[in-house]
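Asks: Make one complex out of these two single chains by using the hints.
In order, the protein sequence lines correspond to chains A and B.
Start counting the first sequence at 1; every next residue gets the next number (this note's numbering).
Start counting the second sequence at 1; every next residue gets the next number (this note's numbering).
Check each hint, because a few of them may be wrong.
Under the rule of at most 16 Å between Cα atoms (straight-line distance), these lysine to aspartate or glutamate pairs were calculated in the EDC-like manner [unchecked claim]: (1) K4/A / E154/A; (2) K436/B / D18/A; (3) K177/B / E132/A; (4) K177/B / D139/A; (5) K183/B / E132/A; (6) K4/A / D174/A; (7) K417/B / D12/B; (8) K177/B / D138/A; (9) K184/B / E132/A.
Beyond 12 Å from chain B on every Cβ pair, some chain A residues (computed) [stated by the list, open to error]: (10) M1; (11) K4; (12) A22; (13) A86; (14) D150; (15) A151; (16) Q152; (17) E154; (18) V170; (19) E172.
None of these hints come from the bench; they were simulated from the model.
The C-beta atom is built at its ideal place from N, Cα and C for all residues, glycine as well.
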Amino acid sequence: MSTKTLTAIFGHLDCMIDGVHAVKQSGISDFVATSPLPRHDLEEVIYEGRPSPVRWFTMSGAIFGGTLGFSLASFTHLNWPMIIPAGKPLVSIPAFLVITFESTVLWGCLATLIGLIVMCRLPGFGLQAELEDPRLSDDKFGLVVNGLSDAQAEQWKEKLAHLGAQEITVTERDDA
Amino acid sequence: MNGITYGAVTRDILRPLFKPSAAYLGLLGLSLAIMAWGGYCWYVQLVHGLGVAGYQPPVFWGVYITTFVFWIGIGHAGTLISAILFLFRSRWRTGVYRAAEAMTIFAVMTAGLFPAIHVGRAWNAYWLFPYPNQRELWQNFKSPLMWDVFAVSTYFSVSTIFFYIGLIPDLAAVRDKTSGLIKKMYTHMSLGWRGTDRQWRHYMAAYGFFAAFATPLVLSVHSVVSWDFAMSQTMGWHSTLFPPYFVGGAIFSGCAMVITLLLPLSKVFKWDEYINVWHFESLAKMCLLTGGILTYAYAIEHYVAWYSDNPYEWGIFVFRATGEDYAWVFYMMVFCNCIAPLIWWVKSMRRNLAVLFVVSIIINIGMWFERYNIIASSLAHQYDPASWVFYAPTWVEMGILIGSFGWFFTWFLLFIKVMPSVAVAEVKELLRPPLKSDEEAAA
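Isolated chain B (complex conformation) (with noise of 0.2 Å):
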């Protein structure tokens, strides 16, 4: 980034805020039909009952749990990025993590449906929450259900909190640059801020306080997840290897979905002075790591299976990679998530951009597919064969899962254009700041 200025920085990062093109509201109105769809397909399970979906007893969790993890491993690598890396002074973060972040919360949000779609009395769905009932009787912490509830509002909580403390200097820069009532809101969203010396010394005490909270919360979000499984006594979960599995795959297709996310925003936007190559082979880098997490965990987890000599154990595992039923979802996971991203260990081909946003669309249908393996599988094949059966989703549930994207990518373009995607401070922080020595050498 040699040679810009600060001035230029912002002028770039806030160049397109509030000026939508046409494809940029053709994109809005496919978003919004695709989540029209989704919420059509909910009202018709609303109206008609659970029946609607493709249950039958003794698969009671199938596409909506699976795509409640899916979401919220999608909203790892955000807090990741933002936090963990911003404890490691790691300088390729600034460029994505604004985004990245935005990315967490709207997948949050998505993820934060379901529950309530999966128990079908969606307005029953704030039983989930700590309060006693009339006779003083309070939900069951010793239950992983009940630790789900709270580790995925807390990460809410504090992730919004993070991207919205972030947030703060950059929409006070929005407000300088805009007048009449737009600068009027962002005057009120950036809470007067002004950049003086006693904001930014607290301002930075507290930003590495939420970076150290958030960071144990972002290994911990998809650990309790994973005990939602891993606590019960099914075969195929109930193994301690489930939250180093669970976490590295969510980190896994986070970072995936960052670079399917920022790659065309990067281009469209011409911001390649601030998201480049560099972030996405970063990016890549790290997919690689916990893809390779991942593969590993895969193969140990029917190494332990096996070594256990437990029969049913060692039957589900079997049953995935060769049952007729489900041996699809068990190689097409094995395809997207341990294959396709070998890819990258050509520098050339994490270096290519189109080479990196179709295998990480490759992973994220691949994440799917992981969720879907070892929930589906695991229910329909149980300890007695009597009670074996084939559980498909229907319409409805196919019709939710593809709605939650139109829910998920509205969020994100409404964001695009109306709060900076790049942090602009930040970005500031990465040049060289003007010093008139620096000019007095030159002359």
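Same shape as in the complex, but just chain A (with noise of 0.2 Å):
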């Protein structure tokens, strides 16, 4: 089965912002939106001030790194335990800090890298034809609505223009 897929560029970010929330509105949920910048008013639209999964990954890694900072130091001294003198202990807090707070912000952003590429599904080589236009990495908004019927295409192309979209191309997509 067949079904259309919509591309509407906008050049006013007004115009894009509106078209997006009239999509969503709609109850349509496969759409994408593209800017050449960040735009916390679009994320917010789209999001609805949902925070990102990321700072899951980055406090799993903060923590996985900070216990591991710590142990590495820790274990490595009860190994070969040196006899101190004056009763400095083997396994010393003040003394493993450092070594726990950098692993602690290593493993952090290795983690925090790793969510980013998971979340935003990276490397993104295998995205859709229609996000493929130089200008939206440039100086225009783009929106893709995805699984639209013949009606539902026309419908939407009529209206985005009415709310300011400069172009809008209409192509088949197979779902097959």
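Replies: Okay, here's the thing in structure tokens:
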């Protein structure tokens, strides 16, 4: 079965946000909005303030890293216990704080990087062809709506043109 | 930046890419020649051993450790500007942070050479990294030198990740303006970035976390470097003042180096809209603040040495300022770091590009001498007068020092031709977005 994909190019941010808002309000969930720069207002319309799950990667990595750093320093000292005068402890928290801190930061960042790659689905070489418009990394905003019927495509074409889309194309997509 | 469009930003910032002028090639050739000279000097040391350096007991830290600390210090401004000022939502960072981040990475790469050069047997430098020997004996994690390995390698890793993540949307913009093999290369480098809502959402969240991690890291790295000295029992080093003193100095020298690098860059590439006197003045103010901290630290370390009533501690500070061997180094440091930047208290002087450029170079010279003053004088003048010596660098050490600038500038020159030196997407964030409502109101 084939469906229609509608690609709208906007030159104005407010028109694009109105278009995204209208699509979202209509209950369509299979759409992609692109922008040459991060826009919190656009994110707010689409995700309604829900925070990114990347934070869980970050926290897990940081906890893992901190534990690893402190354990590495502690267990390696316990493995070869040196007799230290004046009752100084083998496992010394102040002395190991630096290693623990650096390891926390390093693993927190590495986990954040993994979280970013996973959540953004990078490398994104397999994204749909409609997103490969060079203007979308320059000065235009794009809205790609997937899974439309013929009638819906016509209806949205008219509606988005009314909302200020400068260019609208409809392509056929074979979902099979 | 009134009246500039998103399209103009992309065009202006990407314009200098790929087309090397004769002057650029000349500069690159000069950098490569200086680097080759440094490489030759290192070769001489590898063949003949550390005897070609000016070391004599008890001075075994000299120009190499001085230069290591100098380059680590230079590497502080980039992540400070990109991370700390990002969290503070400072608007002037946008124009300068990309080049400053690149500078950070290349400076840390340069610094990273020096432990290997310093140990002499460079092929054994990997012993620094945490792994057990055949008897399952690990490095001593209570040693500040081990902390330093962790701090510098973490700083380099995190700064590189932060730099690359920031570049991804801009590499995608370059991809969309190129063709053929170059386009293919940038397609892979940008990881297929398309700026979708999903990508931006997670990108901005991750960017904030990177900035939050990098912020304490910036402050910790030079603190840890300072503990290489402060944790020892050497006079003039064993002080709790060292971490803030070193961090202040690092930011001071780093911001000065950003001015030195970006001022000619902005003029040559005609980027006045994106990097201009406002940015340089802000950097000069950062230098004034951190230079003030540094001057205070110089004064207070002398006061503490005197107030401690420890004749050895006070003796080293008197020696630094009055001894015939190193007094000129001390006064060079005071002039370059404490006196010369004072001119920037005059507004017209910190908005004068020639003054900015000259003073920024003076600061960098002064910051090298500061580290040399700390390291050489303390080691050459220890507790036992019978061990007092005069350490002076040899031509090999100076050759490697000069060569390190060639290495650094080669990387930086290559960077400005293959990557956008100003953040395209973030500069667009500073502009008022194109709005239909504005056009209707104007009509």
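Asks: Are all beta-carbon distances from A86/A to chain B longer than 12 Å?
Replies: holds, 14 Å
Asks: K177/B and E132/A: Cα distance at most 16 Å?
Replies: Answer holds: K177/B to E132/A is near 12 Å, not above 16 Å.
Asks: Can we confirm that no CB of chain B comes within 12 Å of the CB of V170/A?
Replies: Label holds. Min Cβ-Cβ 20 Å, cutoff 12 Å.
Asks: Quick one: work out the minimum CB distance from E154/A to chain B and report holds if it exceeds 12 Å, violated otherwise.
Replies: For E154/A, whose nearest Cβ neighbour in chain B is about 23 Å away, the distance exceeds 12 Å, so it holds.
Asks: Checking a non-interface call: every C-beta of chain B should be farther than 12 Å from the C-beta of A151/A. Is that right?
Replies: For A151/A, whose nearest Cβ neighbour in chain B is about 26 Å away, the distance exceeds 12 Å, so it holds.
Asks: Taking 16 Å as the top limit, are the C-alpha atoms of K4/A and D174/A close enough?
Replies: Answer holds: K4/A to D174/A is near 9 Å, not above 16 Å.
Asks: Quick check for students: does the CB of K4/A sit more than 12 Å from each CB in chain B?
Replies: About 20 Å separates K4/A from the closest Cβ of chain B, which puts it past 12 Å; holds.
Asks: Given the hint that K4/A pairs with E154/A, does the C-alpha gap stay at or below 16 Å?
Replies: Roughly 10 Å separates the two Cα atoms, so the pair holds.
Asks: Taken at face value, is the distance from the CA of E132/A to the CA of K183/B at most 16 Å?
Replies: holds, 13 Å
Asks: Is Q152/A truly not at the interface, in the sense that its beta carbon sits beyond 12 Å from all beta carbons of chain B?
Replies: Its Cβ never comes within 12 Å of chain B, the nearest being 21 Å, so this holds.
Asks: Holds or violated: K436/B with D18/A, Cα cutoff 16 Å?
Replies: Holds, at about 11 Å.
Asks: Using Cβ atoms and 12 Å as the threshold, tell me whether D150/A really stays out of contact range of chain B.
Replies: With a cut-off of 12 Å, D150/A remains clear of chain B, as the shortest Cβ separation is near 26 Å.
Every hint from the earlier list agrees with this structure, and none is contradicted.
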